[in-house]
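A.B. asks: Sequence:
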Amino acid sequence: MAVKSVALVAHDNKKKELVDWANENRTRLAPLRLYATGTTGRLLSESLGRTDLNCLLSGPLGGDQQIGAKIAEGEIDLLVFFWDPLEPQPHDPDIKALLRIAALWNIPVACNRATAEFVLTSAYMTDDQHQPQKPDFSQYTGRKVQ
1 MAVKSVALVA HDNKKKELVD WANENRTRLA PLRLYATGTT GRLLSESLGR TDLNCLLSGP
61 LGGDQQIGAK IAEGEIDLLV FFWDPLEPQP HDPDIKALLR IAALWNIPVA CNRATAEFVL
121 TSAYMTDDQH QPQKPDFSQY TGRKVQ
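Letter by letter, the sequence shown follows residues 1 to 146 of UniProt numbering.
Each hint should be verified, as a subset may be incorrect.
Stated by the list, open to error - Subject to a maximum C-alpha distance of 27 Å in a straight line, what follows is the list of computed DSS-like cross-link-like pairs (lysine-lysine):
#	residue 1	residue 2
1	LYS70	LYS134
2	LYS96	LYS15
3	LYS96	LYS4
4	LYS4	LYS16
5	LYS134	LYS144
6	LYS134	LYS96
7	LYS4	LYS134
8	LYS4	LYS15
9	LYS4	LYS70
10	LYS96	LYS16
11	LYS70	LYS96
12	LYS70	LYS16
13	LYS15	LYS70
Everything labelled a hint here was simulated from the structure, so no lab data went into it.
Note that the structure is a prediction, hence the values are computed from the model and not measured.
Taking the hints into account, I'd like the entire structure generated from these sequences.
C.D. replies: And the structure:
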């Protein structure tokens, strides 16, 4: 089975919740390739003792866009993004772009513990037979533009 890659992102008010969730799921996360944005990545790396966690830039500094690029390149299988619905973010357009790219490429997105738990324990994560259908963009890429 191919190693799955998971992107882990959390807003400031949700970082502790994501770190707690990751620690509770340490065994399930162990075989996975992990990516995270900035401070979230540092906190997760320290808490999980994972020196192999791929830390990208902080979200507002381009980390959300780096994750989005990895999704578009087929490098991310699951986005776990604990975002804060009660706190406006200065980089809201980047967040919307990240969620748009995940939806466009049919990548599962978990925005809370319940969904993250559901996806992480599903056949999608453990069985190569359960894969999201890759979108067909041939009509879009082959369109005639005048």
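A.B. asks: To test your reading of the hints: which numbers does this structure violate?
C.D. replies: none
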